[in-house]
Amino acid sequence: MSATSAPAQSNPSADDAEQKKLPHELLSKEDCLEIFRQLFLARYFDVRLIKEKKRGSLKGTLYSSHNQEAVLVGTLYGLRPNDWISPIHRDMPAFFLKDIKFQWRNADRMGLSIDSICAQVYGRVDSPGRARDNWSHIGSRAKHIIHSTSMLAGTIPVAAGVLYADRMAGGDAVAVTYNGEGSTAQGVFHEAINYAAVHKLPLITVIENNQWAYGTPAELEYSLEDFARRADGYGIPGWVADGQDVFDVYDKMMQAIEYARSGKGPSIIECKTFRAYGHGDHDDDRAAKYRPKEEVERGRARDPIAMCRRRLLELGYLSEDQAKLFMAEGKNAMETTNEDFPPEVVEFLSEGIEFAKKSPLPAAEEGAKWVFGGEA
Amino acid sequence: MSAVAATPNLKKNYLTGLKEALSEEMQRNPHMLIHGEDVGILGGAFGVTEGLQERFGKDRVVDMPISESAIIGTAVGMALNGMTVVAEMQFIDFISCGFDQIVNNMATYSYRTAGEVNLPIVVRGPAGAYGGGALYHSQMNEAWFCNSPGLQVIVPSTPSDAKGLLKAAIRSGNPTIFYEIKQFYRMREIEEILPEGDLLVPLGKAAVRRDGSDVTFVTYGNNVIHCLKAAEELQEQGISAEVIDLRSLVPLDEETIFQSLAKTNRLVVVNEAPMTCGFAGEVIARVCDKAFEYLDAPPLRVTRLDTPVPWVKPLEDYVLPSVEKIVHAALRVVRF
Numbered sequence: 001m002s003a004t005s006a007p008a009q010s011n012p013s014a015d016d017a018e019q020k021k022l023p024h025e026l027l028s029k030e031d032c033l034e035i036f037r038q039l040f041l042a043r044y045f046d047v048r049l050i051k052e053k054k055r056g057s058l059k060g061t062l063y064s065s066h067n068q069e070a071v072l073v074g075t076l077y078g079l080r081p082n083d084w085i086s087p088i089h090r091d092m093p094a095f096f097l098k099d100i101k102f103q104w105r106n107a108d109r110m111g112l113s114i115d116s117i118c119a120q121v122y123g124r125v126d127s128p129g130r131a132r133d134n135w136s137h138i139g140s141r142a143k144h145i146i147h148s149t150s151m152l153a154g155t156i157p158v159a160a161g162v163l164y165a166d167r168m169a170g171g172d173a174v175a176v177t178y179n180g181e182g183s184t185a186q187g188v189f190h191e192a193i194n195y196a197a198v199h200k201l202p203l204i205t206v207i208e209n210n211q212w213a214y215g216t217p218a219e220l221e222y223s224l225e226d227f228a229r230r231a232d233g234y235g236i237p238g239w240v241a242d243g244q245d246v247f248d249v250y251d252k253m254m255q256a257i258e259y260a261r262s263g264k265g266p267s268i269i270e271c272k273t274f275r276a277y278g279h280g281d282h283d284d285d286r287a288a289k290y291r292p293k294e295e296v297e298r299g300r301a302r303d304p305i306a307m308c309r310r311r312l313l314e315l316g317y318l319s320e321d322q323a324k325l326f327m328a329e330g331k332n333a334m335e336t337t338n339e340d341f342p343p344e345v346v347e348f349l350s351e352g353i354e355f356a357k358k359s360p361l362p363a364a365e366e367g368a369k370w371v372f373g374g375e376a
Numbered sequence: 001m002s003a004v005a006a007t008p009n010l011k012k013n014y015l016t017g018l019k020e021a022l023s024e025e026m027q028r029n030p031h032m033l034i035h036g037e038d039v040g041i042l043g044g045a046f047g048v049t050e051g052l053q054e055r056f057g058k059d060r061v062v063d064m065p066i067s068e069s070a071i072i073g074t075a076v077g078m079a080l081n082g083m084t085v086v087a088e089m090q091f092i093d094f095i096s097c098g099f100d101q102i103v104n105n106m107a108t109y110s111y112r113t114a115g116e117v118n119l120p121i122v123v124r125g126p127a128g129a130y131g132g133g134a135l136y137h138s139q140m141n142e143a144w145f146c147n148s149p150g151l152q153v154i155v156p157s158t159p160s161d162a163k164g165l166l167k168a169a170i171r172s173g174n175p176t177i178f179y180e181i182k183q184f185y186r187m188r189e190i191e192e193i194l195p196e197g198d199l200l201v202p203l204g205k206a207a208v209r210r211d212g213s214d215v216t217f218v219t220y221g222n223n224v225i226h227c228l229k230a231a232e233e234l235q236e237q238g239i240s241a242e243v244i245d246l247r248s249l250v251p252l253d254e255e256t257i258f259q260s261l262a263k264t265n266r267l268v269v270v271n272e273a274p275m276t277c278g279f280a281g282e283v284i285a286r287v288c289d290k291a292f293e294y295l296d297a298p299p300l301r302v303t304r305l306d307t308p309v310p311w312v313k314p315l316e317d318y319v320l321p322s323v324e325k326i327v328h329a330a331l332r333v334v335r336f
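Protein chains in written order, with my numbering: chain C, 1 to 376; chain D, 1 to 336.
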C-alpha cells in the first residue's frame, strides 16, 4: 500500500492483504514469542512497582502503562538500534524496551539498562540523570533517547531537530515521539509536525489515544473521530491502529517506518487504547469515580496480553498447554502474583530493583552542579 | 597639482560586527546552522544575515515558519545531535512565543542530564526601545532569562563587542540569549575600527567605558549611551562619573562593580526594562550583600516605569530612562 496520498482511514484493504503479506505475518515464531514476552515485561514493570510502592520501598508517583503495552512493544519492535525515540510519562517501559530484542542484558545495546531505569524510579545516583528529575524525565544522547520534560508535546520539535541534524550528517535514522491524545492540543504539537512536514523529516508521531487526559474525557479534548485525520492538515499520511493489538500496531508502524526511510517524510499513527487506571497512582481512587464504570470495564476487557496470546495460539506458536501459563491479563496489580508472569521476566526486573535499592543517593552538593555545561 | 586620496572609512557599525561574527563562525564550524524567520532569502528583517544563505546554502541558513517554539525546540534537537545553532527571533519581543522551549527545555538540559548534554545554542534578536516600536517591538525582557538558571544573557553595546561576544557565545557551548540593540545596528556615532583577527570578547567581563571618581553608573545596552551623555553633563558641574557597561548579565562581573564602588562610593544602576524584579534591583542587592561598606549613599536605580513601552514619542520618553533622569539620580546620590 502506498501512503503517499494516504487518506485518514488508510488501513490496508482486503485486496491489499491478499496481494501482500502484512508486516507481522513476516515475523518469525521466535520474534512473535519475543513480542509476547515483551508485553509481559512492560506489564510486570507496572504491577511490580505498584506493589513495591504499597510495601513502602518506593516513593514518587507512578504513571501506569497498564493496558497500553501493545503500543510500546508494537512501535519499538521494528526500529533499528540507531533510531531515536522520545517516550513520555506513560511510556516508562520504552526506555528499556528500545533495542532489547533477544539481548535483554547486553549493556551496550541502544536502550537503557533495567538497572539504570530502576535506579531512576528509586531516585538513586545510578539513574541516567543522577536522580535530578523524576520518573520518565531521563534519556541518553548516546542511546538515542530524547529526554522529556513535563511540558507535553515539547519533545516533538526536539525530535525533528535531531532528525535534521542526522540528515545533515548523512544518517538514515527515524525518530518516534510518543504522545497522549491530550498533548495534541498543544501549540507546539502543530508547530513541530508542520516543520517536519516542510522538511520531509522521518518523524513518526505516535498518539496513544487512551481516551482520558488526566480527568478530562476525549469529547472535551478534540472533535475528531480519528486523529489520523490531523495528518491531512500537514499533507502527510496518518494511520489508525488498534492499540490493543500488538501486531496491528506493528503493521502500521512498519508502514510508517518504510515511508519515513524512503525519504517521503513524517506521519502520524493513532493507537486507540484505554487508560486502565488513574492518571497516576495518586489518582486511582478518584479515577474510579470520575469515569463511568461500564466504560472502564469495556476498555480493560481488550487486554493486549490476552489478544496476543489468542493470536499466537491461532498461529500455532503456542500450544494449548503453553497458552494456559502466565495469566496476567485482566488482573489489577494487586491481583497478580509472580506466577502470572514468565520467570525470566520476574527475574529480569527483580535484579533491577535489587540493584536500585543498593544504589546510593546522590551527594547533596550535586544539587548545585551542572547548571551550565563544562563542569566536571 | 596634487590629488588627495579619500581616506577610506575603516570604521564599521554594530550590524557589521554581528554579520562578521556569524559568517566567520559559519566558515569555521561546518556543523553550525542559522535559522529563524526570514533569515535566508530576505537576509533577516534588519539584514543581519544578509548574504549568508548564498554563501553557506539553504541547508545551513534556513527560513523557518512563524513558529518560535519550533525554532527553539528544533535547535535543541539539532544541538542534542551534534550541531551548533544560532536561532534568530525576528524581534526579541517574540521570544515569549518560544518561552517554554527556552526555560524548561533548553535552559535545563545540562542540569537534568548531569552534564551529559550541553547545548551550543545562541538565541539572538533585535531588542530595546527608543525607536517608537511600541509595545511589541521595543522590549528588553532579559530579566525573564536571568531568572531561568542555565542561560547566559549577553547585551553588547559596541560593534567590537557585538562581534566578539557573539563569537564567544557561539563557542561557549552553553545556551545563550543574545540581545542586539536595534538602535545601534546602524548608529554612526558608535562605529569603530574592529580589531583584526579572530575577535573573541570573554563572557562575564564588564567594560569600564569612562573613568570617574564621584559616582558609578552600572548599565548595559541602549542606556550606555545615555549614561555617557549624563557623565558629560555632570562633568560640567564638576562631578566625575564612571560608566560600567556590564555587557554580560549572566555570568555577571561583580568584581568590576565592586572595584569602582571602592573608588566612587556611590551607585546608580540604569536599565530600560521595568523596575520590579528587573536586573537593576539584582545589581543593587549584590552590592548590598557583598560591598555595602563601600557605599556612602543609598544606591538608586533608573529604569522604565512599570509599564509596557508605549508608541508615540511623548509617551515613550515619559516612561523610559533618559539622560535627564540619570543626571537627576546622580545628583541625588552625590548630594546625599
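These are calculated hints, taken from the structure and not from any lab test.
Please note: incorrect hints may appear among the correct ones.
Capping the alpha-carbon separation at 25 angstroms, the derived lysine to any residue pairs in SDA-like fashion look like this [as the list claims (entries may be wrong)]:
1) C:369 - D:42
2) C:200 - D:30
3) C:200 - D:310
4) C:59 - C:283
5) C:200 - D:146
6) D:290 - C:276
7) C:331 - C:294
8) C:369 - D:237
9) C:324 - C:141
10) C:20 - C:310
11) C:264 - D:57
12) D:290 - D:114
13) C:369 - D:149
14) C:369 - D:300
15) D:205 - C:339
16) D:205 - C:368
17) C:369 - D:114
18) C:29 - C:314
19) D:58 - C:171
20) D:12 - D:31
21) C:369 - D:146
22) C:59 - C:310
23) C:200 - C:294
24) C:369 - D:148
25) C:369 - D:37
Return the numbers of the hints above that this structure violates; sort them in rising order.
1, 3, 5, 6, 8, 9, 12, 14, 15, 20, 22, 23 and 25
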